[in-house]
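Protein chains: 2
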Amino acid sequence: MTQHLQITKAQTLKEKPEVAGIPFGSYFTDHMFSMDYSAELGWHNAAIVPYAPFEISPSAQALHYGQTVFEGMKAYNVNGEVILFRPDENFKRLNRSLERMSMPKVDGDFALRALTELLKLEHDWVPDGEGQALYVRPIVFANEAYLGIRPAKSYKMLIVLSPVAGYYGAQLNPTSIFVEDTYVRAVRGGVGEAKFAGNYAASLTAQQKANDLGYEQVLWLDGVHQEYVEEVGSMNIFFVRNGELVTPELNGSILPGITRKSLITLAKELGYNVVEERIHIDDVEKGIKDGSITEVFGAGTAAVVSPVGIMNIHGTDYRINGNEIGEVTQKLYDQLTGIQTCKLEDKQGWVYQVTSTVK
Amino acid sequence: MTQHLQITKAQTLKEKPEVAGIPFGSYFTDHMFSMDYSAELGWHNAAIVPYAPFEISPSAQALHYGQTVFEGMKAYNVNGEVILFRPDENFKRLNRSLERMSMPKVDGDFALRALTELLKLEHDWVPDGEGQALYVRPIVFANEAYLGIRPAKSYKMLIVLSPVAGYYGAQLNPTSIFVEDTYVRAVRGGVGEAKFAGNYAASLTAQQKANDLGYEQVLWLDGVHQEYVEEVGSMNIFFVRNGELVTPELNGSILPGITRKSLITLAKELGYNVVEERIHIDDVEKGIKDGSITEVFGAGTAAVVSPVGIMNIHGTDYRINGNEIGEVTQKLYDQLTGIQTCKLEDKQGWVYQVTSTVK
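As given, the protein sequences belong to chains Z and B, one line each in that order.
Take the first sequence: its letter number 74 is residue 59 in my numbering, and every next letter is one higher.
Take the second sequence: its letter number 258 is residue 243 in my numbering, and every next letter is one higher.
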């Protein structure tokens, strides 16, 4: 697919906010990418346009039957240079999510080229403060006006951009998590491994429950036994156990995180043994009690790495590493963000240069 | 909540289609109901407006995180009189769905009053052909422009109307169903019992698989064991076993259908014993083989009752009642549609008169 990319610039530009301290995903830049799909034309109308509300039918299938998938990545400002971290992985996963939800795939190379043009246009929006980035949100949703239940015949893809500070505000402050054993996020045979919009709506009640109980995040157990560790909030989870890095194996209901995948590679490079396995929550409890589990952290694009300081398992609060950031967690965070901000060598070729020289 | 209902009439009216043979949910009437919610104002801006596309933010939470629920009911034209069937039940279920998805409840009485006004305005759209109706689709979705993962702070409710023939075209033709033992629709602890948009997107791949294999509908098994019968397509399922009516008990992952509930009442009135229990798929297979299961049918608003003629279980095709409509199925269908079209006495007070005299 070789597509023309139409560019229409905004007539007036917005004032840029002070990024430090603004809530995640609440400000948007001047432009967005937009592309349409119809059964007849395939993907077409690729364009960079002013960020603005658009018209949707009251009977659009995304609203009625939830056919929507998305992606998330971050653009960093490194001395005026805009870079992305493994964007090819995001577009590959987008296509896997689209496939799982019976939606048409996009040309990942073209999408990345379009994103590159968008970021060049918006480079002044890429913040350069510590932990700050321009969050990149591709989304594809069904917009056919039709109420029969079947895959839609028309879709829209958008990429919107939002300047963000760290997801949890002051980064690397340990969070508290509640192990949820009533509500379930996903089950094998379901859509847990897709970055499907509905997975997030389905998590809100449990998230509220955890918040009401005084915890920041939910730790999700598997849907079949409600015994095996899956994810934490909207992140993958890692444990440091006897000096090894341990994380749940991908099983179809766990989101295959790109941060997860990158941390596994980096940990191995740093000499850690990495174990991907089915992890029983009782073994986590035992490990924390007997001191074999020394660190716990979440990993995802938004927060990068998020240490867990308190974990409520079966009604008991456990403090992990004295509610302090652990050594391995800190090392992995430094390593990953070091590469993402070009302070450390990019041995794997993960860094994608949006602009060789901005402006 | 006493709200004013603003009415803005369309300047031009559409030509009404020939309802027989049009696809379900593809035509919409001239007007719709619309209402907004904000954390500050609660539900407000209740209005009947021309059916038309509306503006939505590219960052609207419904599109990104899928916070959307809906309802479905039918308005019937009985000798020029417009009637609804148990609409109070739909608005009650809407509120249960809203609660499960961490969304603000609506005033069911007010919503029904608004729907009544809308139907009065659109009474010429309510078709009077056999099996025809005006499908009523209330929907509530998150429209806050915000990418943090938490319940949204603003929502929109719409009610759109669509003239429909029978959902499966020629009604009461037996369908073929494929018992799905890989993909899962819902699991206990999840959102299966909510009329949540994402449940439908999550069902599409299995539906396609069944179609590719030559079957019309999927029979869903439970998410934990993948052994117990849950739903068929987007309907509840019933069996006639040794002359009794048997249906899966509501367990949190099955949608509590209003047609299901009504049929249970009617079957009891007609003298049938009704059993709600956990039903193992192997027992279904055994029952079909030994002749104790004589009829199978789906039940839901769109199709009302949909007999199952062929059922593929564990790779074997079973014909049910010679791929003909069964006697009990037909009797229940006649009874239910008889009440819905005022041909039979409405002992339960299920019929809601929209207009005592239309015009």
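Check before you lean on any hint, since a few could be wrong.
Put simply, identical chains are the same to the list, so a pair is met inside one copy or across any two.
[Said to hold, decoys possible] Only pairs whose alpha carbons sit at most 35 Å apart, straight line, appear in this in silico DSBU-like list of lysine-lysine:
{"id": "1", "residue 1": "LYS253", "residue 2": "LYS(-6)"}
{"id": "2", "residue 1": "LYS138", "residue 2": "LYS194"}
{"id": "3", "residue 1": "LYS105", "residue 2": "LYS59"}
{"id": "4", "residue 1": "LYS(-1)", "residue 2": "LYS316"}
{"id": "5", "residue 1": "LYS328", "residue 2": "LYS59"}
{"id": "6", "residue 1": "LYS246", "residue 2": "LYS194"}
{"id": "7", "residue 1": "LYS1", "residue 2": "LYS271"}
{"id": "8", "residue 1": "LYS1", "residue 2": "LYS138"}
{"id": "9", "residue 1": "LYS194", "residue 2": "LYS105"}
{"id": "10", "residue 1": "LYS77", "residue 2": "LYS(-6)"}
{"id": "11", "residue 1": "LYS138", "residue 2": "LYS90"}
{"id": "12", "residue 1": "LYS1", "residue 2": "LYS141"}
{"id": "13", "residue 1": "LYS141", "residue 2": "LYS59"}
{"id": "14", "residue 1": "LYS90", "residue 2": "LYS141"}
{"id": "15", "residue 1": "LYS253", "residue 2": "LYS138"}
{"id": "16", "residue 1": "LYS(-1)", "residue 2": "LYS274"}
{"id": "17", "residue 1": "LYS(-1)", "residue 2": "LYS105"}
{"id": "18", "residue 1": "LYS138", "residue 2": "LYS59"}
{"id": "19", "residue 1": "LYS141", "residue 2": "LYS274"}
{"id": "20", "residue 1": "LYS332", "residue 2": "LYS194"}
{"id": "21", "residue 1": "LYS90", "residue 2": "LYS271"}
{"id": "22", "residue 1": "LYS274", "residue 2": "LYS1"}
{"id": "23", "residue 1": "LYS332", "residue 2": "LYS274"}
{"id": "24", "residue 1": "LYS1", "residue 2": "LYS59"}
{"id": "25", "residue 1": "LYS332", "residue 2": "LYS(-6)"}
{"id": "26", "residue 1": "LYS138", "residue 2": "LYS332"}
It is worth saying that the hints were derived from the structure and are not from the lab.
Handout entry: Hint numbers contradicted by this structure
Key = 1, 4, 7, 9, 15, 16, 19, 20, 21, 22, 23, 25 and 26
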